[in-house]
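Novice: Since the structure of chain A is provided, determine the placement of chain B on it from the hints.
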Amino acid sequence: MTKHNIAERLASGRVSRRSLLRSLAAVGVGVTMMPAIPGRATAAGKEANLFTWSGYEVPELHGAYKAKHGVYPDFSIFADEDEAFQKMRAGFTPDVMHPCTYNVGRWRDADLLQPIDTSRLSNWGDVIPTLKTLEGTQEDGKQWFVPFDWGNTSILYRTDLVDMEEESWGLMWDERYKGRLATFGSIDETVPYAAIYAGIDPYNMSPAEMETVRKLLQKQRPLIRFYAAEETSIEQALAAGEIVAGSTWNGSVASLKAQGLPVAFLNPKEGIMTWVCGLVIHKDAPNLDKAHDLIDSMLSVEAGIEMLNVIGYGHANARAFESVSDETLAAVGLGRDAEAFLKKGVFSRQFKDRDAVTAMFEEVKAGF
Amino acid sequence: MTDQSRDVLPIPGAAHDPRSGPSVGWRGRIARQPTTKAYVLLSPTLMLLIGVMCVPVGMLIAYSFWTQNYLEIDTTFTLANYVSVLSKKIYPIILWRSIVISLSVTVATIVMAYPIAYFIAFRVRRHKMIWLILITVPFWTSYLLRVFAWKVILGYNGVINSALIWLGVIDAPLEFLLYNPIAVVITLAHAWAPVAILPIFVSLEKIDRSLLEAATDLGDTPFERFFRVTLPLTVPGIVAAFLLVFIPTVGDYVTPQLVGGPDGMMIGNLMYTLFFRVNNWPMGSALSIITIVTITAVGITIWRLTRRARGKAQ
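Chains A and B supply the protein sequences, listed in that same order. For the first sequence, my numbering gives the first residue as 1, with consecutive numbering after it. For the second sequence, my numbering gives the first residue as 1, with consecutive numbering after it.
Heads up, some of the hints might be wrong.
[As the list claims (entries may be wrong)] Keeping only pairs whose Cα atoms sit at most 27 Å apart, straight-line, the calculated DSSO-like set for lysine-lysine is:
| # | chain 1 | residue 1 | chain 2 | residue 2 |
| --- | --- | --- | --- | --- |
| 1 | A | K215 | B | K88 |
| 2 | B | K89 | A | K365 |
| 3 | B | K151 | A | K257 |
| 4 | A | K352 | B | K151 |
| 5 | A | K365 | B | K88 |
| 6 | B | K312 | A | K219 |
| 7 | A | K352 | A | K132 |
| 8 | A | K46 | A | K87 |
| 9 | B | K37 | A | K219 |
| 10 | A | K215 | B | K89 |
| 11 | A | K178 | B | K151 |
| 12 | B | K37 | A | K269 |
| 13 | B | K151 | A | K365 |
Quick caveat, the hints were computed from the structure, so don't treat them as lab data.
For reference, chain A alone in the conformation it holds in the complex:
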């Protein structure tokens, strides 16, 4: 009985060169064949790959793409833009990404983007004009960023648990609610409102101003139950009553009100924060045509209706607003006029010295 026991033969030295080479060749062929095994999804798949925040992979936003190509696009999710940035710098290559305006410059400098050919977007004509020309989105006469959604960052609070006289960012420093507050852990959401509360322009801080903001954030820290990484933890904590107020976006208003909870979205007297996020195309996008189709599909009216009615953020397509009522918009704190909306608040921009702000906030969070 011949037993082909390679290990035994190897140990006793009875392997001939021919049979060893044959086994190694088999291993090599097997390893090379592995990518050819069907059913393995990679970023360079056949469908356009959308790299986006969680919550945007719902099928209702991509109906037009499915109608044209028969399947939904692929999705990759990131929790925040810094993580997305590092992942792409390490080599991940999606087709379309979903950053906000303040990151477009940084991503372009890092050689991650290519301009978008707006002539291939059938819905480009319907996009709200103000949103087409936001700062940082156009360079060399080309369009690097297509706006998709816009909204506010503000505080969502339980009206039954909070005693609110005058709406102000000071709610997040109210000692009465010690241990019952939560805020985002990322600098783009939390540091600006601390600066706004102190009357400072968050995006052009001098070292002295940064010191003021640092002290303010340090004063806030004992009141914070946790620094959240995503809005769902804040929503769940609000629903449970674990926290009475948390910083979040309009989408959370929609989802909590849908659950019947008594919540309100703060409109602070110092100025609410506004943001516009949208779509960019990766420089080495493997499916360029499908990338444009994906962007076009997300700009369509049906995607807009889903965004406005269900998800709760503004949409870039002006025609989508025609089928939405004023009450629905007011419930989440949006308006019909995007230009007036953006003028009213403090628009989210890139920090002058982003790495310094990050280092400062991480130190505050750690307790220093």
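Specialist: Below, chain B alone, put in the same frame as chain A:
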């Protein structure tokens, strides 16, 4: 008898004709050394280890001497990162906190694991293997899910709070259960318990039962017998469990991130921040190297301190 047409590897021990080919002379002598044989056998694993461990650690060391300029890496050799890490208060203090949390986790884990291992080693007569497998089965599930499970148990509306409210013991949910270092210690101790049970079980199994009989015959109560015979003989297992639990938990990221809250941040979270948020890979690498060196130092200290106790157990 001598088949020169056969191509044979110069692996020592091969029954081939030594009159020709690379098996003659100094190369042949090297080929026949036992160490060469060992290295050839080990080479697939060695390649994997070198590729997966040595190369990345080498890159870490290289990065730690460079600096980050917005999006580029400046490759001039500099010690600035190490100076920065050691001089800013935040890094040594968080590293110290991580070590303290980790030591608490290790002690808690060993204290909880010892009775379980003792039970399986001494009280279970048959099917010990099945008991061991059943006890380690939770360890095979996703680590992230286990941490989330603790979040559910310790949470505001979680299992503990709901049960206590239902029993009428408290009126409002306890807030101190979650989002602090205690939650981190509880979660980590539970997650790493099986890792501590196994080495302690092995050393308990190895105890010569006749020694225990002798102790009883000489008049020891079970209590005294445990402390004078059983426990000292299991010191190697305890030390192994200690190192196996302590070393990985110092750098843990997931647990402090999910249940630690603002006060429960550990060194792993700081490394994540440096690499992924601040985008300062050189500083992150310097912090990683310093952490590795510190953990190694603590591990060696424990090893040395218990040398005498382990020697007595042998």
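Novice: Run every hint past the structure and note whether it holds.
Specialist: Cross-check of the supplied hints:
For the given pair, K215 (chain A) sits about 18 Å from K88 (chain B) by alpha-carbon distance, which is consistent with the 27 Å threshold. As the CA atoms of K89 (chain B) and K365 (chain A) are separated by approximately 14 Å, the hinted pair is consistent with the 27 Å bound. With a C-alpha separation of about 25 Å, the suggested pair K151 (chain B) and K257 (chain A) falls inside the 27 Å cut-off, and the hint holds. For the proposed pair K352 (chain A) and K151 (chain B), the alpha carbon gap of about 37 Å is over 27 Å, so the pair is violated.
With a C-alpha separation of about 15 Å, the suggested pairing of K365 (chain A) with K88 (chain B) holds against the 27 Å cut-off. Straight-line distance between C-alpha atoms of K312 (chain B) and K219 (chain A) comes to about 55 Å, which puts the hinted pair past the 27 Å bound. Distance restraint check for K352 (chain A) and K132 (chain A): the Cα-Cα separation of roughly 23 Å lies within the 27 Å cut-off, and the hinted pair is therefore satisfied. Proposed proximity of K46 (chain A) and K87 (chain A) is supported: the alpha carbons are some 21 Å apart, at most 27 Å.
Taken as a hint, the K37 (chain B) and K219 (chain A) pair is broken in the structure, with Cα atoms around 65 Å apart against an allowance of 27 Å. Distance hint between K215 (chain A) and K89 (chain B) is fulfilled; the C-alpha atoms sit about 17 Å from each other, no more than 27 Å. Pair hint K178 (chain A) plus K151 (chain B) holds up; C-alpha atoms about 21 Å apart against a cutoff of 27 Å. Between K37 (chain B) and K269 (chain A), the direct Cα distance comes to roughly 78 Å. Violation of the 27 Å bound is thereby established for this hinted pair.
As the CA atoms of K151 (chain B) and K365 (chain A) are separated by approximately 20 Å, the hinted pair is consistent with the 27 Å bound.
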